[in-house]
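Turn these sequences into a full structure, and let the hints steer you where they fit.
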Amino acid sequence: MVAVGILPRDIAIYAVPVVTLMLGLLIGYFAQRSGYCSIGGFRDFYLFRHTRLLSGYITLILASFVGYLIFWFIIPSAMEGFFWANTNGLFTAIPGAPGGLSPAAYFLFAIIPGFFIGLICVYLGGCPIRQTVMASEGNYKAAWFFVGMCIGSIIFAAWVSGAVVVLMKSVGFGV
Amino acid sequence: MSDKSGSEHTGQSHRDWMRHPAFLGALIGILAAFTQALLISAGGPVAYGFCVACHTRDLVNGLTNIVAGTHLALAPISANAVLPVMSIVGVLIGGYVAAKSTKEHKIRKGTNLDYVIYFLAGVIVLQLAMIFGGCPYRAALRTGYGDLSALVFILSMAAGVIVGAYIMLKWAEREEA
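Protein chains in written order, with the working numbering: chain A, 95 to 269; chain B, 3 to 179.
It is possible that some hints are incorrect.
One side only, chain B facing chain A, incomplete, derived with CB under 10 Å [to be verified]: (1) Leu-61; (2) Val-69; (3) Gly-71; (4) Asn-82; (5) Tyr-147; (6) Phe-155.
Calculated from the structure, these hints are not laboratory results. Glycine included, C-beta positions come from ideal geometry on N, C-alpha and C.
See the structure below:
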């Protein structure tokens, strides 16, 4: 089934960069004003019992559910497979990670990267969006983090993605 | 903490509701759903309205493919569109405008060692995020969409943050002693 949104496909392909650019402008502006950070939310709550940043992240989870629910009512053809755990099975991952592996592999892909992203980013002092915003504020260290993400994109597509799939299949996580 | 971070903004002086993180959380959540409803005809995946790691990957790989004629992998929505998703360009410009307009823009330099550490951390964090299929933000969107494996990611990330913060607390105590 091909998902159909509000805009027809031949207009949507032109709208993608424009709409996402405007979305990014809004997010960047308010992220700078609020100091928005997901990792910082958990960190501040653990260390100081501050709930300000954590409330932002929890609101995001709840608001996205409400948002998807509303648009699922308005235009169900655009909300393919909503509510995912109900339509696709419990703990089945939404596509995005390297494909062709068993559901157990995606469970590991949630646990292991999650833990290490938390560990690394708390040392750096911010999650990816915080680093990106700090780079735009003139922080050279955060700018180097962003450059690392850009170079990492090419490294991932060229080598790591394939290597991870081969590795996971060799230890019995293929389908 | 090792760096200027979000906690600096936790003071009581900011009473303006537009500066509260919960406002941005609600904004991203609703707009991500709206963006999907608007653009999904161009291609999937679902719950892809905003993601720092994936959208950086799409931007870099998409532009590299256009300029260098390579075939680096990216999400269908960016591969099908005339240009890849531009939200990260928007975040950089939006953050810059906000920082300039409030005179918070300030060049902060580190040592060369800092730059190497942050660069390598950027490379590693992106690999980890791509193996999962999203950064903490797409994890939140996926959870909202009903993907419970993304909730596992968030809980695992919280555990990583607690372990990391505990280790840094111990380091700081040792330096004081």
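Now for the hints, and whether the structure bears them out:
Interface hint at Leu-61(B): satisfied, since its Cβ lies 8 Å from the closest Cβ of chain A, which is below the 10 Å cut-off. Because the smallest distance between the Cβ of Val-69(B) and any Cβ of chain A comes to about 12 Å, over 10 Å, the interface hint for this residue is violated. A cut of 10 Å between beta carbons decides the hint on Gly-71(B): the least distance to chain A is about 14 Å, and the hint is violated. Hint status for Asn-82(B) relative to chain A: holds, with the closest Cβ pair at about 6 Å, below 10 Å.
Annotation: interface hint on Tyr-147(B) holds; nearest CB of chain A at approximately 5 Å, less than 10 Å. Contact between Phe-155(B) and chain A, as hinted, is supported at the beta carbon level, the nearest pair being about 4 Å apart and thus within 10 Å.
Going down the numbered hints, you'll see the structure goes against 2 and 3, while the others check out.
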